[in-house]
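Going down the list, the sequences are from chains A and B.
Numbering of the first sequence is given in our numbering, commencing with residue 19 and proceeding in unit increments.
Numbering of the second sequence is given in our numbering, commencing with residue 9 and proceeding in unit increments.
In short, the hints are calculated from the structure, not lab data.
A virtual CB, placed ideally from N, CA and C, is assigned to each residue, including glycine.
Careful: at least some of the hints might be erroneous.
Unchecked claim - Label-pair ranges, simulated between beta-carbon atoms:
#: 1; chain 1: B; residue 1: Arg-246; chain 2: A; residue 2: Gly-280; range: 23 to 29 Å
#: 2; chain 1: A; residue 1: Thr-85; chain 2: B; residue 2: Gln-166; range: 50 to 56 Å
#: 3; chain 1: A; residue 1: Leu-93; chain 2: B; residue 2: Ala-228; range: 49 to 55 Å
#: 4; chain 1: B; residue 1: Ala-228; chain 2: A; residue 2: Asp-157; range: 49 to 55 Å
#: 5; chain 1: A; residue 1: Thr-85; chain 2: B; residue 2: Lys-420; range: 30 to 36 Å
#: 6; chain 1: B; residue 1: Glu-119; chain 2: A; residue 2: Val-219; range: 48 to 54 Å
#: 7; chain 1: B; residue 1: Gln-410; chain 2: A; residue 2: Leu-141; range: 26 to 32 Å
#: 8; chain 1: A; residue 1: Leu-136; chain 2: B; residue 2: Gln-410; range: 30 to 36 Å
#: 9; chain 1: A; residue 1: Thr-85; chain 2: B; residue 2: Ser-99; range: 36 to 42 Å
#: 10; chain 1: B; residue 1: Ile-301; chain 2: A; residue 2: Thr-85; range: 51 to 57 Å
#: 11; chain 1: B; residue 1: Ser-80; chain 2: A; residue 2: Ala-122; range: 26 to 32 Å
#: 12; chain 1: B; residue 1: Asp-409; chain 2: A; residue 2: Gly-280; range: 57 to 63 Å
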Amino acid sequence: MSRRVPPVLLLFVLIPLLVEGFWVFWPALQGFWLSLTNWDGVSPPRFAGLGNYARMLEDPVFHTAVTNTAIWLVLFGGLSAVGGLGLAVLLQKERRGVGVYRAALFVPVVFSLVATSLIWQVLYQPGGLFDSSPLADPDTALYAVLVPALWRQVGYVMVLYLAGLKGIDPGLYEAATLDGATAWQKFQHVTWPQLRSVNSVVLSVIVIDSLRSFDVVWSMTRGGPYHSSELLSTYMYATAFQSLKLGYASALAVVIFVLAFGVIVTYLVRAFREN
Amino acid sequence: MDRRHFLRVTAAAGAGLLVSGTASCATSASSGPVAQTAGTATIQSNLSAPAAKAAIEALVKAFNDRKGSQASVNTVASETFRTQLPSYLTSANPPDLFTWYPGSLLKGYEEKGLLLDVSDVWQTMGDYPQAFKTLSGRVFVPTTYYWWSFFYRRSNFQKWGVTPPKTWQEFVALCQTLQSKGVIPLGMGAGSDSPWTASSWFDYFNIRINGAPFHRELLAGKQRFDDPKVKAIFTPWREVLPYTDPNGTAIGFQEATTALLQGRTGMLLTGAFFADAAPKDALDDIDFFRFPIIDPKVPLAEEGPTDGFFASSKSPHVKELKEFLTYAASAEGQEVYIKNSSGTILPTHPNAKDSGTPLVQKGRAHLKEAAEITQFFNRDSSDALQPTADAALIKFLQQPDQLDTILADWQKAAQQVWSS
């Protein structure tokens, strides 16, 4: 039986699509086109083919930024997932005062990252936590910026996992207890498989968040000292708005997009196949 | 999920998108060019610091009170202004006037025909020194400037029994004396968000050793950063590195100022604007001396960054905006501005009164003695070249023995900027 789609429903689909198309897809396509040009923001863009992409191969700052972004993805993503899951498991049982702990861990998510960076900058002042500022040392700057970013992200991931844990049927645990399963076995065979759908959300969130990490780095080091804490996102911003090389900056943005998209699509395809 | 629920969710999401769409539209409009009103010259200003904002508003008010043409000012955060300037200038309906400084960026816009020729305003500015005319070309009207030098606290120098040096040898000797008294001789605030302050050292060594013309050529891409003449300026710099605050690349400009005012460091190479943040009681105690002469044969040059206005060539309010520029360039206009500002800036009009404090009077004389005025690294080159200097100079401060690599890398990075 075929039924005509009511016009109202059509409107509800088409209007958001138009809005999304105009505000998201159109600029994104334009960004891709710009990545094939040289543009200073004033004169008309000059078509450059794949010149901007070829240039990345020889750009030492780009290489640093890619390496740092990879380190960031692994550490920021990995530690926040492990830490968030650990805390969620630890704090999932309703006990007296557990709400206080959960709230405390979630508080950093509420702060703006720029405010967070200011606080950490004070902690990192020479003569503060350390004798000399880890932000000024090219060997430690990236990790010094990573800590406040993690401090925030762990709370966020914890809340996602807490929600996931709440959704697990308590009957499964009872059955496992009756079978004499240890705590680790319960986690391995009940909790973890049940969290699969949450895991894909967490993965998407941390991949996207780590690739767009910008404010915390920019406000603490601006990618310095001498590009040692440069991420693709900060390098893109500096290229676009300090160097006014909007074509090259768009090419960097395309690389970020491809990375994010690639990681997430690979995961989703695998997840669907398993289902 | 039933159909009704789905519909509700979709509708809410659609409405949310629409709302966020219009909201972002509204915010971009308010941070973008101001709306044109007939007969009023609009000024897009990046003077977002409280004192400077009050000063330009007072200037506009005084201009409007004359009952001639009218002007209005729209202040935006300086970072927004900097990143949006190309969009302002190329938009169909740009603001009429902009606050800015002369330099290569402005020259580029002028060559693209985006700027209004304001040479008739210069007809009314006959008293202005030639240096300002050369600097401004046909498109810029300078209104204020300030100076850079080594600042120190008079009471501290007395306590330590030292006097300001004139020559490089005296300067190094002073550093030694201060260090033997347990004071860090040279402050530095090139960490955090102010790595650009290290460029003042580079500028000064270059204009003291190679002279201002070479410095300008270097920054314009006509000389190379790996030239032996450039390498040579790092020899005296290296000589004073042991006397420089070891935390100089870790702390920002504000902390370096505090360190100087609290007497933890002896002196600080900085712009006069730093005194705006100083407490009132410290202000009378602040004095300065010029960057020591290294080669007496090189004509004396000083850094005197200049600020002012330029106009869009698309402006429909040419008469009004020129009237405003003429007023802003007059002694009267500049006195209004300076009276309402923080007070360490100097008027470009030779007959305009400054704030009259001994510090400012000395600063004005300090620049008058100079045969050449340079602007500052980013102003004499471009904001695009500044990050290359930041990377190179911070690395030099941390690893001075890597100088050859640093200069080679700097030249490579600079070529990337110049070639685009």
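Hint check:
1. B:Arg-246 with A:Gly-280: 23 to 29 Å: violated (47 Å)
2. A:Thr-85 with B:Gln-166: 50 to 56 Å: holds (53 Å)
3. A:Leu-93 with B:Ala-228: 49 to 55 Å: violated (43 Å)
4. B:Ala-228 with A:Asp-157: 49 to 55 Å: Distance hint for B:Ala-228, A:Asp-157 is violated at roughly 35 Å.
5. A:Thr-85 with B:Lys-420: 30 to 36 Å: 19 Å Cβ-Cβ, so the 30 to 36 Å window is violated.
6. B:Glu-119 with A:Val-219: 48 to 54 Å: Roughly 52 Å apart at Cβ, these two residues keep to the hinted range, so it holds.
7. B:Gln-410 with A:Leu-141: 26 to 32 Å: holds (30 Å)
8. A:Leu-136 with B:Gln-410: 30 to 36 Å: For A:Leu-136 and B:Gln-410 the Cβ distance comes to about 32 Å; the hint holds.
9. A:Thr-85 with B:Ser-99: 36 to 42 Å: Between A:Thr-85 and B:Ser-99, where Cβ atoms are some 39 Å apart, the hint holds.
10. B:Ile-301 with A:Thr-85: 51 to 57 Å: violated (46 Å)
11. B:Ser-80 with A:Ala-122: 26 to 32 Å: violated (49 Å)
12. B:Asp-409 with A:Gly-280: 57 to 63 Å: violated (42 Å)
Hints 1, 3, 4, 5, 10, 11 and 12 from the earlier list are contradicted by this structure; the remaining hints agree with it.
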